[in-house]
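For the record, the sequence lines run as chains A and B. First residue of the first sequence? That's 452 in this note's numbering, and the numbers climb one at a time after it. First residue of the second sequence? That's 48 in this note's numbering, and the numbers climb one at a time after it.
Since the hints were made in silico from the structure, they are not lab data. Honestly, I wouldn't trust all of these hints.
Claimed, not checked - Over 10 Å on every C-beta distance to chain B, these chain A residues come out as not near it, computed from the model:
(1) 453
(2) 466
(3) 499
(4) 508
(5) 510
(6) 511
(7) 514
(8) 540
(9) 542
(10) 546
(11) 550
(12) 573
(13) 633
(14) 661
(15) 682
Claimed, not checked - Stretch by stretch, here's where chain B covers chain A in the computed footprint (C-beta under 8 Å, at least three residues):
(16) 579 to 590
(17) 686 to 695
Even for Gly, the Cβ is constructed at its ideal location relative to N, Cα and C.
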Amino acid sequence: MQLEGKVALVTGGRQGIGAAIVQRFELEGAKVVTCGRGARPSNMAPNIDWVQADVSCTKQMAKLKNHVVTHYSALDVLVNNAGVQIEKTLVDTSDEDWDLLMGANAKGVFNAIRSLLPIMTSGGSIINMGSVSGSTADPGLALYNASKAFVHGLTRSVAVDHGPNVRCNAICPGWIMTAMSDSAFAVARNPAAAKQDALARHPTGRFGTPADIANMALWLAGRESQFVTGQLFTVDGGLTAASPLNPSLF
Amino acid sequence: MADEKIFTEHLKRRVAVVTGGCGGIGQAICRRFTNEGAQVIAADVAPMPEALQASVYYFYHDVTSEQSAQDLMAFVVQKFGHLDVLVNAAGIEIEKTIEETSLDEWQRIFAINVTGTFLTSKYGVPLMRKKGAGSIINFGSYDGFIADPSLAAYCATKGAVHALTKAMACDYGKENIRVNAICPGFVATLMLENFFGDSGDIESLKQEVRDIHPLRRYGTPDDMANLVNWLAGDEARYASGALWVLDGGLTAQVQQMKL
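Let the hints inform the model, and build the full structure from the sequences given.
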């Protein structure tokens, strides 16, 4: 029970990585609040506190903060997980795409930290969701890549400006099996072959699972990482330790 | 990439030593330095190519030997009095995993790629100090950041060169001696030919690897010489301790899944 008695807020806990983090934090004894744009998911465990809130909206984040203060008085762990991915190159991207993607991935992280950091306990931990795509580019994901680089930069700034009170780190997932990655394979010419090829590029021989990311989030949330701040933690099965050459060629 | 170059002679009267100066990239650097007005010494264990003989000095230099480094710098002092630019371009590659690599092979690649950079710089720095300025350009590789399969010892030597570059920049910056490393990707040289080997459908392989590059071509020795030339000169006077990746965009990408 590594998070016994702690209060944790995970944005975007409806599905995928967010849902895995919510579940794990709850198992480790935390009181978990999560939020999303829609209504409470029907399959969500009853002891998880769902708040309908859009991270891109400043007012809704202020309301979320009031909710946390009213019900829990303070916050120990904030996980900025909410995010969207749009598969477009820069010239194909519309203003609406920009607003949606940057609203969630960039402004959302800014909004959540700005609103919630003042109610965090001393020794609190903020965990942002960066990406391997924030350091090296995935094709056809221009704004997504850029938004994750923003998250990486903001992570360092928050760590520098708001230590020693809180720590702030980012996790950079690689290919995690979620609805988001399935949609990437769905556009492949040959989805099955694409999946095989992608697998061959992982030294660990498998894709990541949301639980792999939750493991890292738990470590960053807990006391084991109390000297760790301002850093990016890549959890990608070794993908980006190798060069972009196709390993099957050699 | 046949572009008409206008040489500004910005290295006029500068003295430059290029280790591995007779290799593919080394020759291009020697040629460019000469065109920019420098006095160039190609320091290599390989013999001088005929094309360079008229314009470049040659010194037999085994980068793994301390005596050889001392002899080389004694020659430079006697001939020119000081040294402005040192390019540590000598290097080898071993295509093996750590289990396949013998201790002798491991020690040999470290002796050339790492100890060679150390020794030639160690005896070159005092000659730069004489002049009150200098530029050292080491050869790293993107393999010093991320790995290619079956190049374990090579990757390790290049990581060592990157760290050594920063350490040297840190120690000698106050004496106006700048130290940088260029980190090439795939450059069309004999080393690359050896890497591709000679069995199977080499042409398709070459084409496939080429097409993974955002610029859709391999680098040329002249591409490397362009950056080395800039780092050698006064335009780069504030550049030090940096690793300059020059790979046609290859490592700007996450691995390119075949979607």
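Quiz prompt | Least C-beta distance from residue 453/A to chain B larger than 10 Å | solution = Consistent with the label, residue 453/A stays out of reach of chain B, its closest Cβ about 32 Å off (over 10 Å).
Quiz item: Per the stated criterion, does the least C-beta distance between residue 682/A and chain B lie above 10 Å, as a non-interface residue requires?
Solution: holds, 17 Å
Exercise. Compute the least Cβ-Cβ separation between residue 546/A and chain B, then decide whether it is above 10 Å.
Key: Residue 546/A clear of chain B: closest Cβ-Cβ about 26 Å, beyond 10 Å.
Quiz prompt | Beyond 10 Å from each Cβ of chain B, as asserted for residue 511/A | solution = Nearest chain B Cβ is 33 Å from residue 511/A, so the label holds.
Quiz item: Taking the closest pair, is the beta carbon of residue 633/A still more than 10 Å from chain B?
Solution: Label holds. Min Cβ-Cβ 13 Å, cutoff 10 Å.
Quiz prompt | Separation of residue 573/A from chain B, once the least beta-carbon distance is taken, above 10 Å | solution = Holds: least Cβ distance 36 Å, greater than 10 Å.
Exercise. Beyond 10 Å from every chain B Cβ: check whether that's true for residue 514/A.
Key: holds, 37 Å
Practice problem: Decide, holds or violated, for the assertion that all CB atoms of chain B are farther than 10 Å from the CB of residue 550/A. | Solution: At roughly 26 Å from the nearest Cβ of chain B, residue 550/A sits farther out than 10 Å, so the non-interface label holds.
Exercise. Could you check that no beta carbon of chain B comes within 10 Å of the beta carbon of residue 661/A?
Key: Nearest chain B Cβ is 20 Å from residue 661/A, so the label holds.
Self-check item: Status of the stated non-contact between residue 540/A and chain B (beta carbon gap over 10 Å)
Solution: holds, 13 Å
Exercise. Can you take a look at whether the segment 579 to 590 of chain A is actually covered by chain B? Rule is 3+ residues, C-beta closer than 8 Å.
Key: holds (count 6)
Quiz item: For residue 466/A, which was marked as not at the interface, is the minimum beta-carbon distance to chain B over 10 Å?
Solution: holds, 23 Å
The structure fails none of the hints (numbered hints given earlier).
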